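Chemist: Each protein sequence line maps, in turn, to chains D and V. Start counting the first sequence at 1; every next residue gets the next number (the working numbering). Start counting the second sequence at 1; every next residue gets the next number (the working numbering).
For the record, the hints were derived by calculation from the structure and aren't laboratory data. One or more hints might be untrue.
As the list claims (entries may be wrong) - For the chain V half of the interface with chain D, some residues (derived, Cβ under 10 Å), not all of them:
| id | residue |
| --- | --- |
| 1 | ASP75 |
| 2 | GLU76 |
| 3 | LEU132 |
| 4 | ALA135 |
| 5 | GLY139 |
| 6 | SER141 |
Only a predicted model underlies this, so the values are computations on that prediction, with no experimental measurement involved. Heads up, the beta-carbon is just placed ideally off N, CA and C, and yes, glycines get one too.
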Amino acid sequence: MKKTAEGKDEFEMDPEISSIAERAKNVGIEFDSSRRAASFLQVDQEPRAYGWSEGIEVMSIKEAMDRYDWVKDYMWKIVCKDKDEYTKAIAEDFNGYFIRALPSCKVDVPVEACLYLKRVKTQKVYNLVIAEEGSELNIISGCTSHPSSAGMHLGVSEFFVKKGAKLTFTMIHNWQPDVEVRPRSGAVVEENGVLVSNYVLLSPVKYVESYPVAYLKKGAKASFTSIVVAHSGSTIELGNRAILGEKSSADIISRAICRGGRVVSKGYIRGEGKGCRGHLECRGLMLSDEGSILAIPELEAMNPEVDLSHEAAVGRIAEDEIFYLMARGLTRDEATSAIIRGFLDVEIKGLPEFLKREIDKAVEMASEDLM
Amino acid sequence: MESLRVINLGVEAGGRRILENVNLYIKEGQTFVLFGPNGSGKSSLLSAIIGNPHYRVVQGRITFKGEEITGLEADERVRRGIGIAFQNPPKIGGIKLIDLLRKCAKVAGLSEEEAEKRIEESAKFMGMEDMLERAVNDGFSGGEVKKSELLQLMILDPEFIMLDEPDSGVDLENIATVGRAIKKLLERDRDEKERKKSGLIITHTGHILEYVDADYGVVLFNGRISCIGDPYQILEQISKYGYEACIRKCVEEKSR
């Protein structure tokens, strides 16, 4: 990392970055080279990348396409260009990030990527993430928008986790009430690879629609966790799909809180290979008389040697739990807040401690607001 | 010094009268044992004293150290020094036992440092060190639930303690630990004159009396207090002749 004469990091001097730093913090983006392996920022369609870790490449997808001939062999292989009007629009004009961990490169410190919607009506993003064989890569992807911005964030992301590699991808969103978000994502996890994917959305948004798919090859493991709050005026249609190969396993866990908005929490696991295992867990908490939570868990077995299960529960905070905590001296408000906090506190297996802290921070802030 | 007084108490739950004309006078340092068959109103009495909103006081009042607490919320009663160990507490997903203990320590007014020290010591005393990171009551065995309840009380350190069947569902290995904890909580390990803590224990089997001594026994029958006396004699009568015979004998002795 280059330092300026004043000893500041290069990007601390970047006026665009200092102008959005405050909002970026809410989505786990710190622009702090001592705590991040690399940093990528895209304001509207304008990308900039700062990298300083050996073995990790971070650049804009356009730059990657110029630099490497083979990049095009990955692009649009999981998500189909012609899938819908949104993918078509992205295919015509896009920018985004390219993040790649070189083979056997293991970096604990996360790479951060911030997508920021500022002036344009529609931000169109294409992201490509490759964790090469035996590598370990952690990414925090924070998406947020300028106060009072209104518009649409369209994104296609494709993830390739190679043999024995591990990718932890944590996405924290913080939009404005007039923003529509339609990510289209897909992942391929090769033999014995691991994908840990987390999604956190706690602030108001107009519309989120996301139903990414992951293909798991032999012995691969994946876990998907989403934590969302639907405020009044928000519609969130969210879920994960996993296609399981031989001896692979997937867990899809979701926690949804309704504060007057609408949540459709979906999950689909297809057991294709022998000896695969999949579990769906979907829990919803209604904190409002308005809005709704619809849970749609789906399982499909393609052969007898699969182990697929799901559990779904939607309801209000149990009065006996509140009373129990009051009998320990907590006020009704403290008890309610502790239970909401507990509801959102999902144990995410394989999540590095610092990423857990980022999620905890976001949940902590939201729990206070929910009271 | 008086601790808890229940005066002419009448309680309703789910539109049904559950307790009638209940009177209790418990002084500082005294431990009472509450006997009674299933459905006699034992747990309801404890619920009314702690302030469970589901149990409505329709008559009489409850005072603690001379102050009327009948209309107070449960947390306000707890902050005044009343504590309860439930028979079947709910599981609280997502809240770790250690976090709940820290909240208890805050209610008890402990500094963070004192809190960590007391939690560590008490968890060790209860043999619960390995349970602290688990969600409260989630997948706990019968004995673990009881020990967790007592552990929470050890952190809160209340002046008046109610225990709803602390010995039920506890295996032999754990009953001694449970007994030792109750003895400590109620200061039964101290000289009579030094005791400040008072308590009310529900027991079905009387097992707990082998580990903790008590001053008085009370029999609740059909929502009324039918008998007060020596807890060991009452237990003997109940085990030998059953509740009804015990109460008959009690009434006979009174009228003599």
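Chemist: Hints numbered earlier in the text: which of these fail when held up against the supplied structure?
Modeler: 3, 5, 6
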